[in-house]
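Colleague: Protein chains in written order, with our numbering: chain P, 1 to 99; chain W, 1 to 208; chain A, 1 to 545.
Be careful, since some hints might not be right.
[Claimed, not checked] Below 20 Å or equal to it, Euclidean Cα-Cα: the simulated EDC-like pairs (lysine to aspartate or glutamate) are: (1) W:Lys174 - P:Glu71; (2) W:Lys182 - W:Asp16; (3) P:Lys72 - W:Asp16; (4) P:Lys75 - W:Asp16; (5) A:Lys117 - W:Asp17; (6) P:Lys75 - W:Asp17; (7) W:Lys182 - P:Asp70; (8) P:Lys68 - W:Asp17.
[What the hints assert, rightly or not] Under 7 Å between C-beta atoms, here's a sample of chain P residues computed to sit facing chain A: (9) Thr84; (10) Ile88; (11) Thr92; (12) Phe94; (13) Asp95; (14) Tyr98; (15) Arg99.
[Stated by the list, open to error] What follows is a set of in silico ranges between Cβ atoms, one per label pair, in the way DEER data are often shown: (16) W:Ile157 - P:Leu51: 25 to 33 Å; (17) A:Leu60 - P:Leu47: 53 to 61 Å; (18) A:Phe197 - P:Leu86: 22 to 30 Å; (19) P:Arg99 - A:Leu69: 54 to 62 Å; (20) A:Leu374 - P:Leu24: 29 to 37 Å; (21) A:Gln528 - W:Pro177: 30 to 38 Å; (22) W:Asp178 - A:Leu296: 30 to 38 Å; (23) A:Thr318 - P:Arg43: 21 to 29 Å; (24) W:Val110 - A:Tyr14: 18 to 26 Å; (25) A:Asn12 - W:Asp178: 45 to 53 Å; (26) W:Ala121 - A:Phe197: 54 to 62 Å; (27) W:Pro177 - P:Leu24: 23 to 31 Å; (28) W:Ile70 - P:Leu41: 17 to 25 Å; (29) W:Leu162 - A:Leu69: 49 to 57 Å.
Bear in mind the hints are in silico, worked out from the structure with no lab data behind them.
Even for Gly, the Cβ is constructed at its ideal location relative to N, Cα and C.
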Amino acid sequence: MYEEHEHTKHAAHPGYSTYIIVWLALLAFTSITVTIAGVSLGRYTLLVALLIAAIKSALVINIFMHIKFDEKIFKVFLALSGFTLLVIFILTFFDFIYR
Amino acid sequence: MSNHNEAAAINHVHRDDVGAKMGMWLFLFTEVLLFGGLFLIYAVYRYQHPDQFRLAGMELNTSIGTLNTIILLTSSLTVALSIAAMQKKNKFLSMLMLSLTLFFALMFMVNKYFEWSAKFAHGIYPGSDELLGLPNGQILFFGLYYVMTGLHGLHVIVGVVLLSVMLYLIAKDKITPDHITKLENSGLYWHLVDLIWIFLFPLFYLIQ
Amino acid sequence: MSNGSITVNEKNFYQQSTNRYNGILSWLLTTDHKRIGLMYGMGILVFFLVGVILGVLMRLELIAPGKTLMDAQTYNSLFTLHGVIMIFLFIIPGLPAIFGNFFLPIQIGARDVAFPKLNLLSFYLYVIGAVIALIAVLIPGGAIDTGWTFYIPYSVRSNTNISLPLLAAFILGFSSILTGLNFITTTHRLRAPGMSFFKMPLFVWATYATAWIQIIATPVVGITIVLVILERLFGVGIFDPALGGDPILFQHLFWIYSHPAVYIMILPAMGVVSEIIPTFSRRTIFGYKAIAMSSLAIAFVGYLVWAHHMFTSGMSDTSRWIFSLLTFIVALPSGVKIFNWVATMYKGSIDPQPPFLWVMAFIFLFSIGGLTGLVLGSLATDVHVHDTYFVVAHFHFVMFGGTGTIFFAALHYWFPKIFGKMYNDKLAKIGVAGFFVGFLMLYFPKFIMGYMGMPRRYYDYLPQFASLQLVSTIGSWILATTIFFIVGYLIYAFFKGPRAKTNPWGGVTLEWHIPSPPPMENFETIPQITHEPYDFSQLKEMKNE
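Isolated chain P, as found in the complex (with noise of 0.2 Å):
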């Protein structure tokens, strides 16, 4: 296993036009959120472009940056790191909320 990695391999990437369909749905939904910005929706307002912002990420993240390619074990790191991030702002607000 240590010298004989298989560090030619690659797996199988999208081609460009995969890359600009995704890059045309980043804009499109960057179009949607300045739009919707406009209107009023409340207390949604937020949630909604955070939403926008989620899933513009998660396209960055999968196809852009390839994690969906890419070997397992980087998605569960990625997994870990977003759920501590997420667990620290929930025991936070733990204060914030019932203070």
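Using the hints provided, position chains W and A relative to the given structure of chain P.
Modeller: This is chains W and A only, laid out in the frame that chain P set:
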């Protein structure tokens, strides 16, 4: 087995592309957590001062923010295309796309410069009398605005340096379709810069 | 284990350089994980001794009520420096950077860490951070006096040099992050063939879990520190209550890192204990998987409990009881470890060599520290003893009695492997005894004083504490003398000690299969792992190697 000569032992070059990428991802997670701390502060203060945050947010220029979002998303595309081109052994296209990325990055910084200097011209900068005259929530908003977009801008500058080095390495054939990990890792870094902006944008420019 | 026979005249890593230089440059520019580990060792040991001296000076001030040696402001700076040095320069990097660097690659059968150059960079970041911290003390303006926690708003108001030590802490954090990143990648990518995750020695498991905390927690404090610096330099409004900021939010962010950081300090120590106990009990570790998993569990649960440092800060009652409840969960994985260690010794053939005696001291002191942790984790009692000597005593029992003791245990356990020399057994036993007695005399009275209401960080006290303070100060003399005595006989052994054998203790993890000191790339051929990590039936084969 025992009288192995030492020269051979020293000179073996160990190469592990997956390991290098793993290291890069781990580094990116630290970046995420770094900005995560800032987002947490933002969330708490926005929760405490929702109205002041809205008022302060309306001071920011949405069109410049949108423009910068489009620029960064496009630069993310070009860097991805640059890597794909290198994998398809198209050195010229790869360099072209990387140069475009650098161009977009500079455009982003130019916009940022105008945006910040406009704010400075209005007297809104950390420690200014104008800013200190505002209600607390707005002071916090602008404090966070400068710190978060500033730190992000710092990452853009680091990215520009990094990608310029990559461009040089491609030109010198130090990055080839078989030795592409450095380019891929720099690409990952650039996408992260984009990712952070994806969240900064609605949180600062789209509060209305 | 077929890692090849050992040639007698093979050069060790002191004699062979990874680069083309000789002499000092071959060390300063080395990428060898063992040399980097040793360079860390030098720095860390020096700062530890400086921290000890500062501690002794503080105790000297407290020998009698009233001002004896220094004024209050000097005392404030002294306890801050003692904290900053001991925490950021000794105990956080201590075990991972020295022993993790040296032994993690060897124990998984690798020739080096995954990113050797990055490893050197981490070391230099450590040096730069240390130098900046030093400069901050020497330049005019006054040494930092906020306490090592840098609490807002005092840290934006105090006129002493605060930005520089903060910058130092940031850089040291960066060093720590890079080390963690390196260790995780090394553990994932460079294990020898046959070494599955569940065949890794427990020190590797512990260091791996630690590395995750280093990576995930450190950035949070990094940004917090940067914010305080920006606040001081440019008046950016973030935490300062005068600008609407929330000082308690600073405490949250600070402890989001700094609580997991105590697990950065203790986890590698627990890993070392899990190495030493089987070796000197000649018995495989009891509950291998439970110990391995409890390391990960501690690393994870460590994130959920930070606000138990803030019970009296004014945060919401809801989060006070939630964090109090969560805090008790940490006791579970820690208990799992203690019970498994004790079970390992049961019916083993125990060989009470110095490293083992250090571990015994650890179990005793750390149990006291752990159990008093429950007193502090429980909301009602914490409110009573918060910010008293009780906390100081608890902290020193877990950190110094825990990690500090194990620092010496690791030093005694691996000394023959690292230096190829053996120290004097009798002196080493005197060292443990002196440490144990001095430690208890110094810190145990603090539990009593704390319970009686003696607040921490005061340079003066009421007459009723005089006798206990005196006992404590005398303890500090015994403890400090012993520490210098230990360092003394180890240095003597380094120069004049008899040659150590390859496997002086009868250990079976991979480092005991290679010569003492190890050759430059550790293994001639990468070993094929067939045994469980603590399978002592290997000892017979190893004798024939």
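Colleague: Against each hint, give a clear statement of whether it holds in the structure.
Modeller: Here's how the hints hold up against the structure:
1. A threshold of 20 Å between alpha carbons decides the hint, and for Lys174 (chain W) with Glu71 (chain P) the separation of about 25 Å lies outside it, so the pair is violated.
2. For the hint linking Lys182 (chain W) to Asp16 (chain W), the alpha-carbon distance of about 12 Å falls within 20 Å, and the restraint holds.
3. At roughly 17 Å between alpha-carbon atoms, Lys72 (chain P) and Asp16 (chain W) fall within 20 Å of each other, so this suggested pair holds.
4. With a C-alpha separation of about 19 Å, the suggested pair Lys75 (chain P) and Asp16 (chain W) falls inside the 20 Å cut-off, and the hint holds.
5. At most 20 Å may separate the alpha-carbon atoms for a hinted pair to count; Lys117 (chain A) and Asp17 (chain W) meet this at roughly 16 Å.
6. Restraint check: the Cα-Cα separation between Lys75 (chain P) and Asp17 (chain W) comes to about 17 Å, which is no more than 20 Å; the hinted pair holds.
7. Taking the CA atoms of Lys182 (chain W) and Asp70 (chain P), the gap is about 16 Å. The hint holds against a cut of 20 Å.
8. This hinted pair checks out: Lys68 (chain P) and Asp17 (chain W) have alpha carbons roughly 17 Å apart, not beyond 20 Å.
9. Interface restraint check for Thr84 (chain P): the shortest CB-CB distance to chain A comes to about 5 Å, inside 7 Å, so the restraint holds.
10. Interface hint at Ile88 (chain P): satisfied, since its Cβ lies 6 Å from the closest Cβ of chain A, which is below the 7 Å cut-off.
11. Hint on Thr92 (chain P) holds. Least Cβ distance to chain A is approximately 5 Å, under the 7 Å limit.
12. Annotation: Phe94 (chain P) was flagged as interfacial toward chain A, and the flag holds, the nearest CB pair being 4 Å apart, inside 7 Å.
13. The closest approach between the C-beta of Asp95 (chain P) and any C-beta of chain A is roughly 4 Å, which is under the 7 Å cut-off, so the hint is satisfied.
14. The restraint placing Tyr98 (chain P) at the interface with chain A holds, with a minimum CB-CB distance near 4 Å, inside the 7 Å limit.
15. Given hint, Arg99 (chain P) at the interface with chain A, holds; its Cβ is 4 Å from that chain's nearest Cβ, closer than 7 Å.
16. Separation of Ile157 (chain W) from Leu51 (chain P) is about 31 Å and conforms to the stated range, judged on CB atoms against 25 to 33 Å.
17. For the pair Leu60 (chain A) and Leu47 (chain P), the beta carbons lie near 60 Å from each other, so the given range of 53 to 61 Å is met.
18. The supplied range of 22 to 30 Å is met by Phe197 (chain A) and Leu86 (chain P), whose beta-carbon atoms lie about 26 Å from each other.
19. For Arg99 (chain P) paired with Leu69 (chain A), a C-beta distance near 43 Å fails the hint of 54 to 62 Å.
20. As the Cβ distance of Leu374 (chain A) to Leu24 (chain P) is approximately 58 Å, the hint placing it in 29 to 37 Å is violated.
21. Judged by the Cβ atoms, the range 30 to 38 Å given for Gln528 (chain A) and Pro177 (chain W) holds: they are separated by roughly 34 Å.
22. The hint said 30 to 38 Å for the Cβ distance between Asp178 (chain W) and Leu296 (chain A), and at roughly 37 Å that hint holds.
23. Under the hint 21 to 29 Å, the C-beta atoms of Thr318 (chain A) and Arg43 (chain P), about 22 Å apart, fit the expected range.
24. The given range of 18 to 26 Å is broken by Val110 (chain W) and Tyr14 (chain A), whose C-beta atoms sit roughly 55 Å from each other.
25. One distance hint, 45 to 53 Å for the beta-carbon pair Asn12 (chain A) and Asp178 (chain W), is violated here, with the actual separation near 36 Å.
26. The hinted window of 54 to 62 Å between Ala121 (chain W) and Phe197 (chain A) holds, with their beta carbons roughly 59 Å apart.
27. Between Pro177 (chain W) and Leu24 (chain P) the CB atoms are about 27 Å apart, so this pair conforms to the stated range of 23 to 31 Å.
28. Look at Ile70 (chain W) against Leu41 (chain P): about 23 Å separates their beta carbons, and that is inside 17 to 25 Å.
29. Between Leu162 (chain W) and Leu69 (chain A) the CB atoms are about 53 Å apart, so this pair conforms to the stated range of 49 to 57 Å.
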